[in-house]
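Visitor: These are the residues of each chain, in order.
2 protein chains.
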Amino acid sequence: MSRAAIIGGGVIGGGWAARFLLNGWDVAVFDPDPEAARKIGAVLDNARRALPALYDRALPSEGGLSYCPDLAEAVAGADWVQESVPERLELKHRVLAQIMAAAPEGAIIGSSTSGFKPSQLNAEGARAIVAHPFNPVYLLPLVELVGAPEVCARAADTLRALGMFPLTLRKEIDAHIADRLLEAVWRESLWLVRDGIATTEEIDEAIRMGFGLRWAQMGLFETYRIAGGEAGMRHFLDQFGPALQWPWTRLTDVPDYDDALVALIAGQSDAQSGHMGIRDLERLRDDNLVAILRALKQSGSGAGGVVAAHEAALPES
Amino acid sequence: MSRAAIIGGGVIGGGWAARFLLNGWDVAVFDPDPEAARKIGAVLDNARRALPALYDRALPSEGGLSYCPDLAEAVAGADWVQESVPERLELKHRVLAQIMAAAPEGAIIGSSTSGFKPSQLNAEGARAIVAHPFNPVYLLPLVELVGAPEVCARAADTLRALGMFPLTLRKEIDAHIADRLLEAVWRESLWLVRDGIATTEEIDEAIRMGFGLRWAQMGLFETYRIAGGEAGMRHFLDQFGPALQWPWTRLTDVPDYDDALVALIAGQSDAQSGHMGIRDLERLRDDNLVAILRALKQSGSGAGGVVAAHEAALPES
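Chains as they are written, first to last, in the working numbering: chain G, 903 to 1219; chain X, 903 to 1219.
Bear in mind the hints are in silico, worked out from the structure with no lab data behind them.
Source: prediction; values computed, not measured.
A virtual CB, placed ideally from N, CA and C, is assigned to each residue, including glycine.
One or more hints might be untrue.
As the list claims (entries may be wrong) - Think about it this way: if two alpha-carbon atoms lie no more than 16 Å apart in a straight line, the pair counts; the simulated EDC-like pairs of lysine to aspartate or glutamate are:
no.: 1; chain 1: G; residue 1: Lys1073; chain 2: X; residue 2: Asp1097
no.: 2; chain 1: X; residue 1: Lys1019; chain 2: X; residue 2: Glu989
no.: 3; chain 1: X; residue 1: Lys1019; chain 2: X; residue 2: Asp1059
no.: 4; chain 1: G; residue 1: Lys941; chain 2: X; residue 2: Glu1052
no.: 5; chain 1: G; residue 1: Lys1073; chain 2: G; residue 2: Glu1052
no.: 6; chain 1: X; residue 1: Lys941; chain 2: G; residue 2: Glu1132
no.: 7; chain 1: X; residue 1: Lys1019; chain 2: X; residue 2: Asp1097
no.: 8; chain 1: G; residue 1: Lys1019; chain 2: G; residue 2: Asp1097
no.: 9; chain 1: X; residue 1: Lys1073; chain 2: G; residue 2: Asp1097
no.: 10; chain 1: X; residue 1: Lys1073; chain 2: X; residue 2: Glu1052
no.: 11; chain 1: G; residue 1: Lys1019; chain 2: G; residue 2: Glu989
no.: 12; chain 1: G; residue 1: Lys1019; chain 2: G; residue 2: Glu992
To be verified - If you only want the chain X side, here are some residues facing chain G, beta carbon under 8 Å, derived:
no.: 13; residue: Met903
no.: 14; residue: Val1053
no.: 15; residue: Phe1113
no.: 16; residue: Glu1132
no.: 17; residue: Met1135
no.: 18; residue: Ile1180
no.: 19; residue: Asp1182
This is chain G alone, in the form it adopts within the complex (with noise of 0.2 Å):
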């Protein structure tokens, strides 16, 4: 029996928590905020109508799920601690000196940073490694570690056994990977709305109608290898390097980030997405979720083969 402490009950850490206790953990929840208790109770109905739908065997019995009054008594006895407070360096240094006085020697302490790199995080003495996971937490099997080689090493092994993909970074980096070329993507799209180019839905069809869907399976690279046809990726770089100097973008300016892009932008959303209250979208995000990564379950591609790996180790009922 494993334990685990959420330090900060957002939607981020209401997901790891669901993760963890779906999969067995005990889970200590540390969060200020009055309203954590409610908020983690929405996030882990949702895992629990979705997640076990992934398997056609049994998951382990649900864990215990304390909520603790402060944050030392919440890690006391902790396997690993995952730290998911707002994204304000001074937070995290603060919440990681507390957690460091009160964590076993052993336990794996994981930052659910977006931007920060360890050396940052780390600048005052704590001993976390990144461990960056993506929403909805208890879905999506991508984890991001970056630090300290040995204890991504253990974190990897434990990410597994909970049905996720950890990607170890070799290299620390502002935004690790996935957020970088998230930015790239959210950067350009600013610019498409605030020139009047697109709406905010036209851009989601953009996306979901075309590369959406070559990027659930296969990523960026493999997919253009294919587009080379026979000739393979180096016919592709030849075909279309050139385009990198072209005035495609206006990724070499950063767009003015006022309160007429913020209104534009939420207008829009709310035309395209407000007849939807949010619980509903997230079951509907869900109910997708699962179906494809139920469909790519039968080749063992991608996400499929790392639910097909997590269902093989479960016991058969």
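With the hints as your guide, set chain X onto chain G.
Guide: Chain X in isolation, oriented as in the chain G frame:
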């Protein structure tokens, strides 16, 4: 009975030929490459294997396929002429002039260009629209339409009848919408590879184990709306907007696209995918796409809704 002329028979032209043929259109191909029939045959083999597997009803009987020794013969009597020649503007101008001289008055003339705007394509008097599809054309629904509104409207009706999803742009712009997003990710990925942060395989895993799964069904903005939690899009924007100003990307520089970078990428791609031939990769991709599209057909989300609508329009067997 309708007739399409396919001018240029590479991976994209072949995919268009398959999309039309398998939906009952007669198709005439012109491509001076002596290997064109073999190459298009290979695309057709893939399409015949994959496209009918999307539906629980039978597609129409296949139309007739002919290879024409000259362009005028291919174009004669066509309802739709699709130009998919290499991405060089002077070549497009020459080919479009020949098409204009031979095509029926009311034919839709579509260009598969990924970069050029209608005003560039038509600078010498052609009346083409951009009809930009995504590989594999026989499976992915998205076609970006740009150009004369009444022609785009007619083209959209035809594409819907072929089971595709037309996205009509309200303004012309270099590289339309989707390829601007792809170019952003491509450019950032080149930096990551060049700087030794990640290999091509690691970048693909960072995509397909995480946000790729989200994007197959919802796209960027709707996903982020959910990430904002109960407070929605405006909360997400408040939280993450400032990151735009952080040094998270190297997008404000353009990487040198030199032989060393090409060799690095091609070598990593060989290490990642070289154990599979292009035909095997194509079939794996297609099997996965069919599985994902069928999964989404259940919920009717995104591309699954397009497949469901097309299926409903097919006669019951």
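Visitor: Each hint needs a verdict: does it hold in this structure or not?
Guide: Here's how the hints hold up against the structure:
About 10 Å separates the Cα atoms of G:Lys1073 and X:Asp1097, which keeps this hinted pair within 16 Å; it holds. At roughly 12 Å between alpha-carbon atoms, X:Lys1019 and X:Glu989 fall within 16 Å of each other, so this suggested pair holds. Taking the CA atoms of X:Lys1019 and X:Asp1059, the gap is about 22 Å. The hint is violated against a cut of 16 Å. A threshold of 16 Å between alpha carbons decides the hint, and for G:Lys941 with X:Glu1052 the separation of about 50 Å lies outside it, so the pair is violated.
The suggested pairing of G:Lys1073 with G:Glu1052 holds, with an alpha-carbon distance near 14 Å, which does not exceed 16 Å. A hinted pair counts as satisfied when its Cα atoms are at most 16 Å apart, and X:Lys941 with G:Glu1132 qualifies at roughly 9 Å. In summary, the hint linking X:Lys1019 to X:Asp1097 is not supported, as the alpha carbons are separated by about 34 Å, beyond the 16 Å threshold. As the CA atoms of G:Lys1019 and G:Asp1097 are separated by approximately 34 Å, the hinted pair breaks the 16 Å bound.
Distance hint between X:Lys1073 and G:Asp1097 is fulfilled; the C-alpha atoms sit about 10 Å from each other, no more than 16 Å. For the given pair, X:Lys1073 sits about 14 Å from X:Glu1052 by alpha-carbon distance, which is consistent with the 16 Å threshold. Restraint check: the Cα-Cα separation between G:Lys1019 and G:Glu989 comes to about 12 Å, which is no more than 16 Å; the hinted pair holds. As the CA atoms of G:Lys1019 and G:Glu992 are separated by approximately 14 Å, the hinted pair is consistent with the 16 Å bound.
Checking X:Met903 against chain G: minimum C-beta separation of about 28 Å lies over 8 Å; hint violated. A cut of 8 Å between beta carbons decides the hint on X:Val1053: the least distance to chain G is about 19 Å, and the hint is violated. Taken as an interface hint, X:Phe1113 checks out: its beta carbon lies about 6 Å from the nearest beta carbon of chain G, inside 8 Å. The closest approach between the C-beta of X:Glu1132 and any C-beta of chain G is roughly 6 Å, which is under the 8 Å cut-off, so the hint is satisfied.
This hint holds: X:Met1135 has a C-beta 4 Å from the nearest C-beta of chain G, less than the 8 Å allowed. The beta carbon of X:Ile1180 comes within 6 Å of a beta carbon in chain G, closer than 8 Å, and the hint placing it at the interface holds. At about 10 Å, the closest approach between the beta carbon of X:Asp1182 and any beta carbon in chain G exceeds 8 Å, and the interface hint on this residue is violated.
The structure is inconsistent with the numbered hints 3, 4, 7, 8, 13, 14 and 19, although it conforms to all the rest.
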